[in-house]
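A.B. asks: Listed below are the residues making up each chain.
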Amino acid sequence: MLALLTAHVVAALLAVPLVRWLDRRGFLVLALVPLATAVWAALQGPAVLAGRGPEQVVRWVPSLGAELAFRTDTLSWVLTLVVGGVGTLVFVYCGSYFHARDPGTARFAAVLTAFAGAMTALVLTDDLVVLYTAWELTTVFSYLLIGYDSAKKSARRAATMALVVTTAGGLAMLVGVVVLGQAAGTYRVSELLAAFPTGTAASVAVVLVLAGAVSKSALVPLHFWLPAAMAAPTPVSAYLHAAAMVKAGVYLVARFAPAAADLPAWQAVVLTLGLATMVHGGYRSLRQHDLKLLLAHGTVSQLGFMVVLVGAGTRAAMLAGTAQLIAHALFKASLFLVVGAIDHQAGTRDLRTLSGLGRRMPVLAVVGTVSAASMAGVPIAFGFVAKEAAYEAFLHDRPWVLAVLVAGSVLTAAYSARFVWGAFARKAGVPDTAAAAPSAGLLVPPLLLAAASVALGPLAGWVDVPAAQVAELNAGLATDDDAELVHLALWHGFTVVLLLTALTLGVAAGMFALRRPVARLQARLAVDVDAARGYRRAVRAVDRVAVEVTGATQRGSLPLYLATILLVVVAVPGGALLLTRPWPADVVWADDVGQVLVGAVVVAAAVLAVRARRRLRAVVLAGVTGYGITVLFVLHGAPDLALTQALVETITLVVFVLALRRLPPYFSSRPLLAVRWVRVGIGVAVGLTTSAFALVASGARVAVPTSVDLPQWAYDYGGGANVVNVTLVDARAWDTMGEISVLLVAATGVASLVFRRRTGAVDRAGDAVLRAPVPERSPARSTRWLPAESTVAPERRSVVFEVATRLTFHAVVVLSIYLVFAGHNSPGGGFAGGLVAGLALVVRYLAGGRYEFNAAVPISAGWLLGTGLFLSAGTGLLGILLGVDVLQTAIVEQDVPLLGHVKLVTSLFFDVGVWMLVVGLVVDVIRSLGAEIDRQIEDADEPDAADHDADDLDDLDEDEEVAAARDARARHEQEVGSP
Amino acid sequence: MSPNITLVVVSGVLVAAGVSLLLERTLTRVLVGITLLSNGVNVLFLVASGPPGGAPIVGRTPIGEMSDPLPQAMVLTAIVITLGMVAFVLALSYRSWQLNGHDEVQDDVEDRRIVRRADRDQASASYDDESRDDGTTAGERTGPGRAGRSAASAGDPDAPPLADALRPDDSEAVGG
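Which chain is which? The protein sequence lines are A and B, in order.
The first sequence begins at 1 in this note's numbering and counts up by one.
The second sequence begins at 980 in this note's numbering and counts up by one.
Just chain A, same shape as in the assembly (with noise of 0.2 Å):
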């Protein structure tokens, strides 16, 4: 069975290529996995009735408990067969019915074909989650197929109003599945039905399952999609829309019945919903000018009734049930094929204009008639023996059911009859359609469906084999009465049940003869109910409460949405705090003088700051108070921290300045003397709260700190004596790698906002001399100190600063280096040494310009980044080659000759990389906010010059862009503007 499914997918994968090569004769060699499906089906028969059917199960995820379970009894037997032999005439079918060439051919064909897996997975599983799965399947592969001419308003809206109605049906079957799995335990179904759980969270799981089957079979109220998925192709119309996938809900009901049926709820809403659809859909049927829609409606209108055969909880109704299954299999796809060929042939579908066409097409007319017969139920046809079957279920049992069934069988008759007049007749006034008769692919699988129709009536004890047993399933249930069945045959004498089929087809007779009082009187009584506008209406006003709460919630403004942040911050937690007081015991005042004249300084500037109008002013103040920290770091006895912060504030200074001196030097606006209150008094709020925390936080805590004993171990197990930098590489390096990922998303973040070309070349200093206007060297100077410095202007160079760069920029490097190797023991690491070599960059940038750069580092700061960050990770790796985990450091200790002994921490790599990373943000940053900013300063200053300039590909390409941009918009108006 799996080996099946398997050749679906296969198939559909291969569809497309298929359907390109040999165009829709495609379609011809696609028809052989739903032809192989139903060859094995037929295999299986003897084993299957004798009770043997093959069963598979695949354990998937053992520990989950998932597994693939396929079982084949009977009923889904039966099934395997209509959906596989329908299938291969349908494919058939779809080899003459699309036109040569069509584009959308092979997107279709790939569908379909899925469409035929997911179909018969869902009735050969043995397993809840499967069947599930495979429903959803065939909800989402008929969205694809109804939405076919994607084009189409019509047949997207069509398609999307499919899709939600049973996805939402199909989401209340999940809930059922779960409860009713949970509860019995078991996820397969033969146990679950086997071992049915009771009590009201069963009837309610049962309930939703129903409600799920409800909306995949179109009952009432949720019928109204399949009319309106007619804008499908009819090959689909007839596939999912009257052999297969509607047929779920039915197959759904059958399969629970057996266990569920005696439920009230169950026999409620299966009897209630089942007879109102039939009626309804009969009813609406007679209406329908369109043979298409006509069919439609008949559609709905026999689910219910199948529905209330399977559902009804007797072995006689379940008997009747299946025979009727398969005799609407059978007739209705052929009904639907026969429509597709008229369709095809004579561009229409509508009966008003449709006339004599059963001159012009001879033997559709005649296969139309057949299965319209057996749809109405007219002897010998198989329809008539399964509705025989489906009155004489309900002769002794609850004759209520058996009126509306007459009823529903005199309307359903009578569209028969229209059906075959509105298609075939010739009608006095209408001029005969022009129509050639259909090819043989058009004809023969219709031929072949309606043929089965016929001799399926004098054939039926074939049938009743299966259908008994079947029927046996429900044995047992309360609703049952154990009489003996009465079996399937064309002739049972005269009896009550043919005089009933003999009023059934009297009634319906005199209403085609009628045909006009009765469409007047429907006229007349047209209520202005409309299921499809109250989906609609829910539709609007789910969307409506979206719009509106979205409004109430999303204002726009990131600086609202702040301040509701942190008044929460400030209410909640802070208003916690304020209830309870928790205050602390004792306090310290102060360590010492020092941090109390620093800290001082620090609140000095950090008001200075926000009252700054100058955006340097600001910046410079915030600088300040960094490095009032770093002293407060030395105080506090944290000399790495004190190092990076001072290190990284001196960098932020120069980045601060580079980024902002091309924008304005004061702030864009002052605002509103009250507003900026407001903003304090946030401000003063959430300060004050965060220091009651702080203060409460560390007054209550009592018990020894988690790192008592964290020098011992790191120097114990990460081999080093600078505690925070092992932390930093050793225990805490899963969050240092994730920081440094972080910072190499930044670095790129900031190439790519500040450069607006896509080459990530590095300019050299060759190609400045070549375009920079450069100043006439002095001869009398022939010392360089640095290797670009003629790229400057010579207002800008200061020999001073050359010669001290040039001095100290080798020696900055090797500290850096030296920080690295001895981080691991003093203070250091990766990160100040990397930020101290990214300090002695900037110094050589500022010397020298953006060319002096460059030259100093010749490389891209992608490739440092990347390579930082793969040296961290492979390191990380490292560690599980040497035998520990991963990312633990690993100490390796040898004697080597010459060297002496040699004690090599893992780490000591991992460090390396985080070296190379944060060099190559500070490139990043300098190449972006500093060089691309010198570069486009220069542009900015000799536009003329940019434009001769042959060199600068970059903005050359801008202007063809510009350039096309301004033809494509000149194309556009020209084909809006002409008629």
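Keep in mind that the hints were calculated from the coordinates and are not lab data.
Computed from a predicted structure; not experimentally measured.
Glycine included, each C-beta is placed from N, C-alpha and C at the ideal position.
None of the hints are false.
Each pair of labels, with its calculated beta carbon distance range:
| id | chain 1 | residue 1 | chain 2 | residue 2 | range |
| --- | --- | --- | --- | --- | --- |
| 1 | A | ILE891 | B | GLY1080 | 55 to 61 Å |
| 2 | B | GLY1080 | A | PHE870 | 37 to 43 Å |
| 3 | B | ALA1104 | A | PRO584 | 52 to 58 Å |
| 4 | B | ALA1104 | A | LEU459 | 56 to 62 Å |
| 5 | A | ALA590 | B | ALA1104 | 57 to 63 Å |
| 6 | B | ALA1104 | A | VAL61 | 41 to 47 Å |
| 7 | B | ALA1104 | A | ALA513 | 50 to 56 Å |
| 8 | B | PRO1030 | A | ARG661 | 43 to 49 Å |
| 9 | B | ASN1079 | A | ALA100 | 51 to 57 Å |
| 10 | B | ASN1079 | A | PHE870 | 35 to 41 Å |
| 11 | B | ALA1104 | A | ARG107 | 25 to 31 Å |
Once you've looked at the hints, dock chain B against the given chain A.
C.D. replies: Only chain B this time, still in chain A's reference frame:
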């Protein structure tokens, strides 16, 4: 454990100053606010880490006299991350200046449009109103959206009072 009042006050003032600037619309101010805020939070870690001590380096300070190394490790990465963040927001404000001539954070145009729809009791822009048209062609509902963009960003007459209050009053004059 007894908290250090000086550090608590320094941290509180830094947070207060940072938050006041964070609520501004000028990106540079927001950025200065973020640096102040992060400095304040780093000091908060000092408060939490207990009394001062010697450098946490084995061999230089006796283990009993060290300052707590664990909060220090956390602060260290935070400091470097702040550098990355500063660079990124600076690049943002530079870009904003390049595109708009200022570095103000504007209201989200899409959000404002939804707010206006909610005020007028309309359905969403993507709502497919079947009762209104029955056209058969697809997907050409771009016109009003494009035209509305510039109008909405220039200033929204329907803006609610609080959002208005937090919006700079002369942003249109600067924007260009």
